[in-house]
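Trainee: Chain residues, written in single-letter form:
Protein chains: 2
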Amino acid sequence: MVNKLKRFLIGRPMKSTELEGEKLSKLKALAVLSSDALSSVAYGTEQILIVLMAAGFAAVWYSIPISIAVLGLLTILVLSYRQTIFSYPSGGGAYIVAKDNLGTSTGLIAGGSLLVDYILTVAVSSSAGTDAITSAFPELHDHRVLIALVMIMFLTLMNLRGITESASFLAIPVYLFVLSIFVLIISGTMKYALGGGHAEVPELGAAVSNISLFLLLKAFSSGCSALTGVEAVSNAIPNFRQPAERNAAKTLLMMGLILGIMFIGISLLAYWYGITPQMKETVVSQIAEATFGRGLIYYWIQGVTALILFLAANTAYSAFPLLAYMLAKDKFMPNMFMARGDRLGFSNGIIFLGVLSALLVIVFDGHTENLIPLYAVGVFIPFTLSQLGMMVRWLKHKPSGWIGRFAVNTVGMLTTLTITLIFIFTKFSQVWMVFIFLPLVIFLFHRIRSHYRNTADQLRIDLAKDKPVIKGSTIVVPVAGITRVVLHSISYARSLTDNVVAVYVGFDEEDIRKMEQRWEEWNPGVRLITLRSRYRSILRPLYKFIETVEWKTAETDHITILIPQFITRYWWQNILHNQTSLLIRAYLFAHKDIVIATVPFHMNK
Amino acid sequence: MVNKLKRFLIGRPMKSTELEGEKLSKLKALAVLSSDALSSVAYGTEQILIVLMAAGFAAVWYSIPISIAVLGLLTILVLSYRQTIFSYPSGGGAYIVAKDNLGTSTGLIAGGSLLVDYILTVAVSSSAGTDAITSAFPELHDHRVLIALVMIMFLTLMNLRGITESASFLAIPVYLFVLSIFVLIISGTMKYALGGGHAEVPELGAAVSNISLFLLLKAFSSGCSALTGVEAVSNAIPNFRQPAERNAAKTLLMMGLILGIMFIGISLLAYWYGITPQMKETVVSQIAEATFGRGLIYYWIQGVTALILFLAANTAYSAFPLLAYMLAKDKFMPNMFMARGDRLGFSNGIIFLGVLSALLVIVFDGHTENLIPLYAVGVFIPFTLSQLGMMVRWLKHKPSGWIGRFAVNTVGMLTTLTITLIFIFTKFSQVWMVFIFLPLVIFLFHRIRSHYRNTADQLRIDLAKDKPVIKGSTIVVPVAGITRVVLHSISYARSLTDNVVAVYVGFDEEDIRKMEQRWEEWNPGVRLITLRSRYRSILRPLYKFIETVEWKTAETDHITILIPQFITRYWWQNILHNQTSLLIRAYLFAHKDIVIATVPFHMNK
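Line order of the protein sequences matches chains A and B.
Counting the first sequence from 1 gives a position; my numbering is that position plus 1282.
Counting the second sequence from 1 gives a position; my numbering is that position plus 1282.
It is worth saying that the hints were derived from the structure and are not from the lab.
It cannot be assumed that every hint is accurate.
Identical chains share a label here; the pair holds if one copy fits it or two copies do between them.
[Said to hold, decoys possible] Straight line, CA to CA, 25 Å or less: simulated BS3-like cross-link-like pairs of lysine-lysine:
{"id": "1", "residue 1": "K1305", "residue 2": "K1611"}
{"id": "2", "residue 1": "K1796", "residue 2": "K1297"}
{"id": "3", "residue 1": "K1834", "residue 2": "K1753"}
{"id": "4", "residue 1": "K1680", "residue 2": "K1749"}
{"id": "5", "residue 1": "K1286", "residue 2": "K1874"}
{"id": "6", "residue 1": "K1796", "residue 2": "K1286"}
{"id": "7", "residue 1": "K1680", "residue 2": "K1834"}
{"id": "8", "residue 1": "K1826", "residue 2": "K1297"}
{"id": "9", "residue 1": "K1874", "residue 2": "K1308"}
{"id": "10", "residue 1": "K1753", "residue 2": "K1796"}
{"id": "11", "residue 1": "K1826", "residue 2": "K1288"}
{"id": "12", "residue 1": "K1308", "residue 2": "K1532"}
{"id": "13", "residue 1": "K1826", "residue 2": "K1796"}
{"id": "14", "residue 1": "K1305", "residue 2": "K1288"}
{"id": "15", "residue 1": "K1874", "residue 2": "K1796"}
{"id": "16", "residue 1": "K1286", "residue 2": "K1826"}
Keep in mind the model is a prediction, meaning the values are calculated, not measured.
Same shape as in the complex, but just chain A (with noise of 0.2 Å):
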């Protein structure tokens, strides 16, 4: 039943070395992995003039030279990933490239920052996209929650599907959304070059009297928030086809070209028609009713904006359960995240990220607008901290032609530290908690990695010493009667060795001359041994018998216990039956160091 459901919901079982046939092509990955990245355009305009508005509508013009500042960044950033592809072709995310050249403890500030930042993505995209449905439809409003959950739970389950089934349904979008906003930064042109829309604006370099440059900077640093997602190219290598490395770094190029032209269009477009960020409408929203008017075109680009929002959490399905992976590989987080699924996605991982996006879903209620600020630096941390390796790595291996690279890796590097910094002065008051996250999972991490370790070093054999040692062998056989059961364990322990004990606990005298003279009747070839409990428990005398035994057998002897248990045919019948034995053997477990063998008896009635 619930095996076929999971049919339904993920598909079948695929084998192993049905891998590569999931590996995606450039366009796909283009799809699977830019979705976070481009949607930053749908908000990354109105993030500069909300800050530069604080200076009155004559500053407006500085979103212009700050929106190719931003250019200038993402030019420094792809160049700088690109980089690391090559350097780095199994994959190089900011935790490789910083455990590398920094150093693990480096790494695993970078890898803890962004396994939160992936967790943030989706509780963020997943509310933001639920904002834009329930802007567009306000009866919905009160099932906020729920429909940013029903919104988790798909996407979790059309990526536990499977890398290319979900990227061949989820590219759709992707493609949509970028020839909208193509069609929209044409046309705008075109209405604007051809004398249509012409509004008051500010020239280029007017003065402006109260502007600072902290005012810039914020400005600057707030643009920097559309950059989020472009290292996912370089995180996912693995995802690729062969040959791996050159297809990600073209489709980390064509990311960046889409969304340099399309954040910089945008930009323009709302210098041009003198657009102010509104309480109520999107920039973007502004601009396509400027150009389009509120017709069928405007609703579209609405309407495929939300939904690009919505699919900026996939981007987080793709990297999160290969970070986790390749934290899990170095003994820094649990086993199961290294485990391959039915459908050959990091199952574990996909669940995880499912369910802690979630319950931060639920936790603030879906309003986690305020989770954004603490999503940037998640994300400019490893920014730095990657680049930083990278400029560590040119100079130690110095090949030709280091020095340009070099000098693109400390540019990088020195412009997203700047950033980090700017964000932790202007929004401390909404970043404070990365100070407390970061130092907590990364206590996590050592824990997880020393457990590991330890239990390795228990484990650890000689090969040429530690050879298996025969030692004689005592089974202890509790008997509650005579019966087909008891039948059943005395003759699989005879077989097993000539040592077997039958022990009997009862309640009274009368109870235990009865057992004896039975036993003595049946004459089973095995020595009966009677205990009375005057507590009525049968553990703890019990108990103290196998003490007993193991004090005078456990140097030459392997201690077994056999416990009978019934298999009732339908499950109800298990409360008619005393659990006595399932007790003991939990109590056994965990308090004693002896074989527990377990005799199944399955009922047919």
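Here the structure of chain A is known, so what remains is to put chain B in place on it, guided by the hints.
Mentor: Okay, now just chain B, sitting in the frame of chain A:
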């Protein structure tokens, strides 16, 4: 931790031999067993008056002859149950008497009826007690269910502590109630005799125009609800100190006498003071007010009345576990109801009663008043069957003077049968459920018994013929690598038999080749079989392999599978280890008839 809490709540465990000390003296038995019966006087007279008021105020004088009739019935019941006590000194509840004389099926009707009834008693009484409290403190009204549940939990814990201790504790309110009602009756009578408080009341024998026999019978049957609980003493004879039956008989007479005096006293006072039932004030409250005014004594009487109503539930706590024990002894209920707990009470029965009545309170949201008629029918059915049983017994054995005894039981049987029928016909809408739950309970009784019979059949062996058979032994050891755990397991297996085979499930050729190579290097003297799992499942290849082994050796050998299991030092460490061994164990256990031996590996870090 759990153990400490248990000790704090219910006290230290007691030896079986302390059972005699736990038994009840007459005076304590009166308190434990009579609170249900005695508390009925709080509403018995009122029930009669409510029905009579349908014929107008002129009809209230009928309450006196009806009360006398109820008193007559009480006498009959007491005499009848006194006869039962001496005939069944080991406990003569309706179940035993009916089963013994009328056959098992009839006995089960009586037993099932009573079992359900005891659950209703607890639910109804705790709700009624809560009502009494919330009448005094209306601000608690919103917490009715919670208060009732706390009461049930308190009673459950007291009863788990043991009979004597709860008797000492619970006896006081019963004595106080009896004392208070006696003071009320004496004071009220004196006041009336001295000429105070005379009211205009219809004379005894005055003509009433619209009275009918049906109405009078209905009033009588309503008054009979005051007799519920009379059977408690005869069920609980094994709880009495020796000589048990003499003590029980004396306690029964004492209870009957007290109940009779209180009941007729209240009825007379109600008549003398011309009291009619009111929506918001009970008859007892009106009498107390008429006698003492609304002073300290009035509130005292109200308080003690509330307390006794609540304590009425305690009767069920003595009766239910004993009846369940008897039914379990006859295999109609699960064995677990036969086990005495740490404090020598039948803990499972006590807990079962507490849980089910708490569920009833929750389901009915504390409004259990509608269950009262159901509860009365549930008492009068076994009353009738028990007396019918006694009639048959006299006819069968015919001891000296049997005719008089036969007459007592015949009169009793006919009266209780009539009352049962009146209940069913006048209150069918409230009691129809009895025709559903009774057959259901009896069906369950039979299913349980037939399961135990089948089990016994399957387990029974012939001591003379069925002897242990010694066969060969094959031990299968699944291994995941070469570790100390594997060394332990192989050593253990080799100590038992030479037919040991290790099985390794690998995910690819490389894996398998490496493992084979290391095994050869180790050379533990055991053959290694390697299996390839294309779907990354360990369970399925292993299962198939075991089927092959079974096919080859099941006839000649016992097959054992040895499963190593980690026991981590801290519980959270468990999530760091794949629980494959648990999974394998559970799966094989359900599907195969082979012995599963678990080799523990206690980790010390």
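Trainee: Does each hint fit the structure? Answer for all of them.
Mentor: Against the structure, the hints come out as follows:
For a Cα distance limit of 25 Å, the shortest separation of K1305 from K1611 inside one copy, 21 Å, qualifies, whereas the shortest one across copies, 66 Å, does not. With identical chains, the CA atoms of K1796 and K1297 are at most 25 Å apart between copies only, with a shortest distance of 21 Å across copies and 60 Å within one. Within a single copy, K1834 and K1753 get their C-alpha atoms as close as 14 Å, which meets the 25 Å cut-off; across copies the closest is 28 Å, which misses it. Proximity of K1680 and K1749 under a CA criterion of 25 Å is satisfied in neither setting, with 50 Å inside one chain copy and 82 Å between copies.
When the C-alpha separation of K1286 and K1874 is checked against a cutoff of 25 Å, the pair qualifies only between copies, where the shortest distance is 22 Å, while the shortest distance within a copy is 40 Å. Taking the closest pair of Cα atoms, K1796 and K1286 never come within 25 Å of each other, the shortest separation being 52 Å inside a single copy and 36 Å across copies. Taking the shortest alpha-carbon separations for K1680 and K1834, neither the intra-copy value of 69 Å nor the inter-copy value of 65 Å comes in at or below 25 Å. Within a single copy, K1826 and K1297 get their C-alpha atoms only as close as 51 Å, which misses the 25 Å cut-off; across copies the closest is 18 Å, which meets it.
Proximity of K1874 to K1308 under the C-alpha cut-off of 25 Å is found in neither arrangement, the shortest distances being 58 Å within a copy and 49 Å between copies. For a Cα distance limit of 25 Å, the shortest separation of K1753 from K1796 qualifies neither inside one copy, at 36 Å, nor across copies, at 30 Å. Taking the closest pair of Cα atoms, K1826 and K1288 come within 25 Å of each other only across two copies (22 Å); inside a single copy the shortest separation is 47 Å, beyond that limit. In this assembly of identical chains, K1308 and K1532 lie within 25 Å of each other by CA distance solely inside one copy; the values are 8 Å within and 95 Å between copies.
Proximity of K1826 to K1796 under the C-alpha cut-off of 25 Å is restricted to the intra-copy arrangement: shortest distance 23 Å within a copy versus 45 Å between copies. When the C-alpha separation of K1305 and K1288 is checked against a cutoff of 25 Å, the pair qualifies only within one copy, where the shortest distance is 23 Å, while the shortest distance between copies is 58 Å. In the homo-oligomer, the alpha carbons of K1874 and K1796 never lie at most 25 Å apart, since the shortest distance is 31 Å inside one protomer and 35 Å across protomers. In the homo-oligomer, the alpha carbons of K1286 and K1826 lie at most 25 Å apart only across protomers (21 Å), although the nearest pairing inside one protomer, at 47 Å, exceeds that limit.
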